[in-house]
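S.K.: Top line first, the protein sequences correspond to chains A and B. The numbering of the first sequence is the numbering used here, which starts it at 1 and goes up by one. The numbering of the second sequence is the numbering used here, which starts it at 287 and goes up by one.
Accuracy of the hints is not assured; some may be wrong.
Listed next, with one range per pair, are the computed distances between beta-carbon atoms [what the hints assert, rightly or not]:
id, chain 1, residue 1, chain 2, residue 2, range
1, B, G490, A, V266, 45 to 55 Å
2, A, G73, B, I317, 43 to 53 Å
3, B, R513, A, A208, 21 to 31 Å
4, A, A198, B, P478, 48 to 58 Å
Calculated cross-link-like contacts (lysine to aspartate or glutamate; reagent style EDC-like; alpha-carbon spacing at most 20 Å) [as the list claims (entries may be wrong)]:
id, chain 1, residue 1, chain 2, residue 2
5, B, K380, B, D456
6, B, K470, B, D492
7, B, K353, B, D497
8, B, K354, A, D68
9, A, K49, A, D178
10, A, K113, A, E3
11, B, K504, A, E3
12, B, K353, B, D366
13, A, K120, A, D41
14, B, K353, A, E3
15, B, K301, B, D392
16, B, K423, B, D497
17, B, K470, B, D459
18, B, K348, A, E3
19, B, K504, A, E215
20, B, K483, B, D459
21, B, K423, A, D68
22, A, K120, A, E48
Partner residues aside, some chain A positions facing chain B, computed with beta carbon under 10 Å [said to hold, decoys possible]:
id, residue
23, R147
24, Q253
25, Y286
Since the hints were derived computationally from the structure, they do not count as laboratory data. A virtual CB, placed ideally from N, CA and C, is assigned to each residue, including glycine.
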Amino acid sequence: MNEYTVFHTMAWPSAYAIYFFVIGIASALFFFSALSWFREDYYRPLREKAFYASFVLLAVGGLLLIGDLSQPGRFLNTINPAYMNFRSPLAWGALNLMSFGLVSVLYFFMMRKGDAVNSKRLAVIGSLLALGLPIYTGFDLTVHQHRPVWSTPLMPVLFVGLSLLSGAAVATLLNQGDEKLASALRRLMLWSAGAVGAMLISLLGTTAYGGVGAELTFMFLTTGTLGMIFIGVGIIAGTALPIALLLAPFGRQQVGMMAASVLILVGGMALRYSILYGGQILQTYY
Amino acid sequence: MTQELLMSSTETRGKPGVRRYAMVIDVRRCIGCMACQVACKAEYDVPLGVFRTWVPYRVTGKYPTVKKQFLPRLCNHCDDPPCVRACPVGATYKLEDGGFVLQHYDRCIGCKACMASCPYNARFMLPEHRTYTDITKVVDKCTFCYHRVIQGLVPACVQTCVGRSRIFGDLNDPNSEVSQLVAKHATQVLRPEQGTKPHVFYIGADRNLTDYGRAVYKRDEQADIERAVFNRNKHI
Numbered sequence: 001m002n003e004y005t006v007f008h009t010m011a012w013p014s015a016y017a018i019y020f021f022v023i024g025i026a027s028a029l030f031f032f033s034a035l036s037w038f039r040e041d042y043y044r045p046l047r048e049k050a051f052y053a054s055f056v057l058l059a060v061g062g063l064l065l066i067g068d069l070s071q072p073g074r075f076l077n078t079i080n081p082a083y084m085n086f087r088s089p090l091a092w093g094a095l096n097l098m099s100f101g102l103v104s105v106l107y108f109f110m111m112r113k114g115d116a117v118n119s120k121r122l123a124v125i126g127s128l129l130a131l132g133l134p135i136y137t138g139f140d141l142t143v144h145q146h147r148p149v150w151s152t153p154l155m156p157v158l159f160v161g162l163s164l165l166s167g168a169a170v171a172t173l174l175n176q177g178d179e180k181l182a183s184a185l186r187r188l189m190l191w192s193a194g195a196v197g198a199m200l201i202s203l204l205g206t207t208a209y210g211g212v213g214a215e216l217t218f219m220f221l222t223t224g225t226l227g228m229i230f231i232g233v234g235i236i237a238g239t240a241l242p243i244a245l246l247l248a249p250f251g252r253q254q255v256g257m258m259a260a261s262v263l264i265l266v267g268g269m270a271l272r273y274s275i276l277y278g279g280q281i282l283q284t285y286y
Numbered sequence: 287m288t289q290e291l292l293m294s295s296t297e298t299r300g301k302p303g304v305r306r307y308a309m310v311i312d313v314r315r316c317i318g319c320m321a322c323q324v325a326c327k328a329e330y331d332v333p334l335g336v337f338r339t340w341v342p343y344r345v346t347g348k349y350p351t352v353k354k355q356f357l358p359r360l361c362n363h364c365d366d367p368p369c370v371r372a373c374p375v376g377a378t379y380k381l382e383d384g385g386f387v388l389q390h391y392d393r394c395i396g397c398k399a400c401m402a403s404c405p406y407n408a409r410f411m412l413p414e415h416r417t418y419t420d421i422t423k424v425v426d427k428c429t430f431c432y433h434r435v436i437q438g439l440v441p442a443c444v445q446t447c448v449g450r451s452r453i454f455g456d457l458n459d460p461n462s463e464v465s466q467l468v469a470k471h472a473t474q475v476l477r478p479e480q481g482t483k484p485h486v487f488y489i490g491a492d493r494n495l496t497d498y499g500r501a502v503y504k505r506d507e508q509a510d511i512e513r514a515v516f517n518r519n520k521h522i
């Protein structure tokens with residue numbers, strides 16, 4: 001080897017990918033629970049179940065995020081007004097996460113009390129904050145202008161799409177045979193999987209035809225182990241196959257929908273993992 | 287004719303009344319002795335496996351006409367630093383007078399956003415154990431030897447450079463050696479397309495060294511072995 005190289009480490013490990021995954025599902029599930037106040041005919045069976053699952057996942061996500069800090073005890077610095085840097089998406093993310101947690105707790109009490117008026121109000125506020133979670137995680141990546149696969153305006157939208165898709169998949173698994181709900185979730189999964197697929201194609205296109213860094217990132221993302229995870233598990237098994245399954249007559253049955261949901265969840269995790277890692281491999285050599 | 291500078295609010299180069307320190311690295315004079323790397327390690331108790339400055343090289347040509355090309359690397363103390371923007375708690379900041387990009391170690395939460403945002407990979411996580419200091423498990427990087435410069439000294443790597451390849455000074459002072467070198471020579475900066483306005487200038491750097499090499503994709507077995515050996519020191 002005719003080189004002396006300092007090998008850099010990846011800044012963000014797989015804990016971040018798991019965080020993106022659980023927080024995406026948590027926000028979508030809260031949205032479905034909130035929707036149940038306005039579309040009772042479809043989403044009512046999900047109200048409590050989706051909320052509880054959302055809250056548990058929110059707690060898991062928060063702990064993952066804190067646990068990944070090399071100084072976990074200092075996580076309170078992120079909400080210290082004297083330290084807060086509003087130019088960083090992470091600062092907005094920390095605020096969003098805390099506010100969402102707070103609104104979720106209030107929503108829980110109002111829901112338990114049966115206070116429909118305040119529950120509805122909190123459902124709307126919580127849904128907006130929930131929407132902010134995948135958006136800010138996308139922005140976390142987008143702002144790194146030198147990481148080819150991350151630095152695209154598509155990223156926050158892709159994360160919203162992935163959030164809806166994974167959330168609908170979990171909601172399908174939570175559904176206990178309600179046909180109207182199943183039909184609504186099936187439509188949602190089809191539309192969001194289609195949108196995610198279209199975004200992934202454009203992401204691959206712009207990465208493949210970028211500069212040398214983008215081209216190398218494309219090659220890392222499409223070959224070897226990461227290629228298998230991104231293309232094989234994420235795009236083919238986790239996006240294209242569920243679409244085909246849901247369009248087939250089998251996909252209208254509960255078993256078919258559950259099979260599609262499992263595939264979507266595995267694919268959703270694979271996509272987040274490979275996008276997070278694909279954007280960082282090159283830096284370890286530079 | 288007056289010359290108007292396009293400056294953002296964070297930039298200090300060309301700003302009247304403030305200093306703007308920069309480093310010029312004359313690659314033609316670098317002999318690859320790694321004394322800068324060692325001096326930096328000694329100055330800051332930099333642990334094994336991480337570097338504030340490092341000197342990667344590549345051997346080019348075909349035997350017997352081969353040549354070693356060096357490209358000393360360090361934090362570029364950008365005028366528009368992405369790491370300052372990325373830090374959620376303001377642990378990374380830029381000094382108005384001098385342009386140093388520095389770190390509040392007691393504030394850093396270790397989220398590694400600055401590491402992800404640096405186009406030059408100049409930042410690293412300090413390992414859990416260090417020999418002489420108790421600053422650990424936070425992100426660190428080159429400080430342009432701020433503590434030395436405010437005492438009128440030059441950075442440790444500049445002080446020790448055998449071939450006088452590294453030159454340090456105030457770019458806003460037209461009489462300084464760095465501003466004269468930058469004015470007289472064709473200089474290169476790393477990844478100018480990122481818009482970070484780096485303040486480490488190279489003279490005689492090879493473009494093939496300053497960009498991503500396509501060869502990294504076809505990494506051979508030896509590279510993987512070297513990486514494994516290198517990474518063994520990461521957790522010391």
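S.K.: For every hint, state whether the structure bears it out.
M.R.: Consistency of the hints with the structure:
1. B:G490 x A:V266: 45 to 55 Å: holds, 52 Å
2. A:G73 x B:I317: 43 to 53 Å: holds, 46 Å
3. B:R513 x A:A208: 21 to 31 Å: holds, 26 Å
4. A:A198 x B:P478: 48 to 58 Å: violated, 34 Å
5. B:K380 x B:D456: Given that 20 Å is the threshold and the Cα spacing comes to 16 Å, the pair holds.
6. B:K470 x B:D492: Given that 20 Å is the threshold and the Cα spacing comes to 18 Å, the pair holds.
7. B:K353 x B:D497: holds, 19 Å
8. B:K354 x A:D68: Violated, at about 40 Å.
9. A:K49 x A:D178: holds, 13 Å
10. A:K113 x A:E3: violated, 68 Å
11. B:K504 x A:E3: holds, 14 Å
12. B:K353 x B:D366: Since the Cα atoms of B:K353 and B:D366 sit roughly 35 Å apart, the hinted pair is violated (cutoff 20 Å).
13. A:K120 x A:D41: holds, 16 Å
14. B:K353 x A:E3: holds, 12 Å
15. B:K301 x B:D392: violated, 31 Å
16. B:K423 x B:D497: violated, 30 Å
17. B:K470 x B:D459: holds, 15 Å
18. B:K348 x A:E3: OK: B:K348 and A:E3 at ~14 Å, within 20 Å.
19. B:K504 x A:E215: Within the cut-off at roughly 13 Å; holds.
20. B:K483 x B:D459: holds, 18 Å
21. B:K423 x A:D68: holds, 12 Å
22. A:K120 x A:E48: Judged against 20 Å, a Cα distance of about 14 Å means the pair holds.
23. R147: With a minimum Cβ separation of about 7 Å from chain B (threshold 10 Å), the hint on A:R147 holds.
24. Q253: This interface hint is violated because 44 Å lies over the 10 Å limit.
25. Y286: holds, 5 Å
When held up to the earlier numbered hints, the structure conflicts with 4, 8, 10, 12, 15, 16, 24 and fits the remainder.
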